[in-house]
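There are 2 protein chains.
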Amino acid sequence: VLGRHQYLVLADGRFGPETSKTANSAIRYLPERVRGVIEPRSSGRTVQEILGFGGNIPIVSTVADGLALNPTALLIGIAPTGGQLPESWRPALKTAIHAGLDIVSGLHFHLADDTEISMLARAHGVQLLDLRHPPGNLPIGTGKARLVEPTVVLTVGTDCNIGKMTAALQLRSALVARGRRVGFAATGQTGILIEGWGIAVDAVVADFVAGAAERLVLQAAEGNEIVLVEGQGSLIHPGYSGVTLGLLHGAMPSAMILCHQPTRTTVSGGGGAYEWVRLPALGEAIRRYEDAMAHFRESRVVGVALNTYDLGEDQAREAVARAAEETGLPAADPVRHDPAPLVDAILRQARSDERKAV
Amino acid sequence: VLGRHQYLVLADGRFGPETSKTANSAIRYLPERVRGVIEPRSSGRTVQEILGFGGNIPIVSTVADGLALNPTALLIGIAPTGGQLPESWRPALKTAIHAGLDIVSGLHFHLADDTEISMLARAHGVQLLDLRHPPGNLPIGTGKARLVEPTVVLTVGTDCNIGKMTAALQLRSALVARGRRVGFAATGQTGILIEGWGIAVDAVVADFVAGAAERLVLQAAEGNEIVLVEGQGSLIHPGYSGVTLGLLHGAMPSAMILCHQPTRTTVSGGGGAYEWVRLPALGEAIRRYEDAMAHFRESRVVGVALNTYDLGEDQAREAVARAAEETGLPAADPVRHDPAPLVDAILRQARSDERKAV
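Chains as they are written, first to last, in this note's numbering: chain A, 1 to 358; chain B, 1001 to 1358.
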């Protein structure tokens, strides 16, 4: 179902480079399937003007305005902290359902649990697609993902919402372009939207996070040489660190790519609730992730993916050079520049894994 | 409701010192409320003969046999890996419901979601009490538990099911005996059974584990000088490490007590699925827990609680002495011996916290 939809994307009041992750990823990776974005503050402008990519996709004020663009579904493109359904969105959802649009949501809140929305959906014969709704039969993790044949690479980060999914998707494209068979394990609502399958590990009952990640890796490994696993959260995030560690120990990666935004100095999000937590230096972050794996297997951070969208070109190149020097690792902004240094690092890891297996 | 029940405890086929945690804790901490245990392999014997404590509580073969003991509820006293309802238990549950007993369960599986069981319960006017069912309105953790006035002590472990709850409960009693006002934050089904309140953090949606722990600590802090938080899992458990880290970062303890069983060498449970994971040395475990907190606040392991139930008295004393020497910390088996060394360590921490606050 997800693969056929033409989206009108709800980003009401929060459309921007850092505040509308799901919307932005749909625009970056499924541009031919995004008909328009709802953001009253910017209506009449194009997505390109706001994000710096996305071309002429139009921005409109309301669902009603967007219907002229012939969407087949309303995609909820922003994720309020806590994932509940803001009451202010209800009219937009109702208008969309009345117009026959399916609703695609990545909220923690399951739309199907809202009596009004679910009854209206049934009455109008539209589907409510909850990207975050996990399967019901997940196993407890046992660590067996460490035994799969492909090289498993997890993107990890110094913070939430810093580019872990984007780095993984960019690396996937580049590896595919080099003729590699690559599986992608989507672990969040946006990755699932783009890939068409996956499990939102942060929406799983806590005991089953590692088991969910393990199942994703085993599935993505089939017939592939390399598995890229979309990372979540950060080991030093006071709210989400548990998801990060569960995902790490479920995925049991052979190697990791560390994602960071050079201009960010404290943990973001939560309406400023995390400003007391400084982001770790790259070296400290690398040590933490490698140490968290060391009891199970050697797993090294083999490259640094920087998110430099908010820097000028010179500053971006400088930041990349500094990260490489600071860590002694290949570094790149895989969106802005050629991800080749990171791709090479992953292929070196794959060759080394192969040698060990022989 | 929980506080009034007289339990018949289902431990079918798994009643023993290491295999029936909920049953054993009910017997240890609520002995006056356990009427009998169902375990066909040992029927006719007493609980004391099997566990080494519990006195003359009788063991019977079936629910039907146990009804003569006048229970008011059937307590599911064992937890299969994964927490589903084994089909073989269904007849016992049905017999209990027919006899008018409430059912108290700590399974992940919600009895209320089983059509047959829930309809039967309704027909007979009995309650299905799911200890693991979390509240629906949990926050995302923000780290604010670090700011509460009481000294917060979390029990952490080298493995699951190794004595973290028991150590916390023993320390609570000993601190209360010294006239301290102590709050207890129960984080698992057994702790909740004993305390009458709490949240099973492993049953919470993963994004909310830290938030649940934070809420428990804030609540347990009210009017108290010391908060003891029941730990869960272990940072090196391939299945449950995420719960452990989320709980740690939600609780933001001032200090930790490390729990260990000297005879255990590899991660237990899961039908042997974890035998490839050696338990860390005490020093490595201490380093991991302290390091996981270091980015947020200094939090030290201030004592080691050993579980020596499977050692002779001489060996037990030797193990305690060795743990103290190896770590340079106070050590004790708080069940077998006087927990004074650990109590003193917690009180030293409380005095030090007070000095810092002044």
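Among the hints, erroneous ones may be present.
Claimed, not checked - Ranges between beta-carbon positions, derived for each pair:
#1 A/281 <-> B/1290: 13 to 21 Å
#2 A/297 <-> B/1081: 31 to 39 Å
#3 A/294 <-> B/1144: 26 to 34 Å
#4 B/1017 <-> A/4: 33 to 41 Å
#5 A/355 <-> B/1081: 46 to 54 Å
#6 B/1337 <-> A/114: 49 to 57 Å
#7 B/1178 <-> A/321: 54 to 62 Å
#8 B/1124 <-> A/114: 29 to 37 Å
#9 A/52 <-> B/1358: 14 to 22 Å
#10 B/1062 <-> A/136: 44 to 52 Å
#11 B/1081 <-> A/352: 32 to 40 Å
#12 B/1314 <-> A/294: 29 to 37 Å
#13 A/294 <-> B/1072: 49 to 57 Å
#14 A/64 <-> B/1290: 54 to 62 Å
Just so you know, the hints here were simulated from the structure itself, not pulled from any lab data.
We treat Cβ as the ideally placed atom computed from N, Cα and C, and that holds for glycine.
We went through each hint and held it up to the structure:
The supplied range of 13 to 21 Å is met by residue 281 of chain A and residue 1290 of chain B, whose beta-carbon atoms lie about 19 Å from each other. Distance hint for residue 297 of chain A and residue 1081 of chain B: a CB-CB separation of about 23 Å, inconsistent with the stated range 31 to 39 Å. Remark: the range hint 26 to 34 Å for residue 294 of chain A to residue 1144 of chain B is upheld by a beta-carbon distance near 31 Å. The hint said 33 to 41 Å for the Cβ distance between residue 1017 of chain B and residue 4 of chain A, and at roughly 57 Å that hint is violated.
Distance hint check for residue 355 of chain A and residue 1081 of chain B: the Cβ-Cβ separation is about 36 Å, which falls outside the suggested range of 46 to 54 Å. At about 55 Å, the beta-carbon gap between residue 1337 of chain B and residue 114 of chain A stays in the expected band of 49 to 57 Å. The supplied range of 54 to 62 Å is met by residue 1178 of chain B and residue 321 of chain A, whose beta-carbon atoms lie about 60 Å from each other. For the pair residue 1124 of chain B and residue 114 of chain A, the beta carbons lie near 33 Å from each other, so the given range of 29 to 37 Å is met.
In this structure, residue 52 of chain A and residue 1358 of chain B break the distance hint of 14 to 22 Å, their C-beta atoms being roughly 53 Å apart. In this structure the hint that residue 1062 of chain B and residue 136 of chain A lie 44 to 52 Å apart at CB is violated, the actual value being about 31 Å. The given range of 32 to 40 Å is respected by residue 1081 of chain B and residue 352 of chain A, whose C-beta atoms sit roughly 35 Å from each other. Hint check: residue 1314 of chain B to residue 294 of chain A, Cβ distance near 36 Å, so the stated range 29 to 37 Å holds.
Under the hint 49 to 57 Å, the C-beta atoms of residue 294 of chain A and residue 1072 of chain B, about 50 Å apart, fit the expected range. The hinted window of 54 to 62 Å between residue 64 of chain A and residue 1290 of chain B holds, with their beta carbons roughly 57 Å apart.
Going down the numbered hints, you'll see the structure goes against 2, 4, 5, 9, 10, while the others check out.
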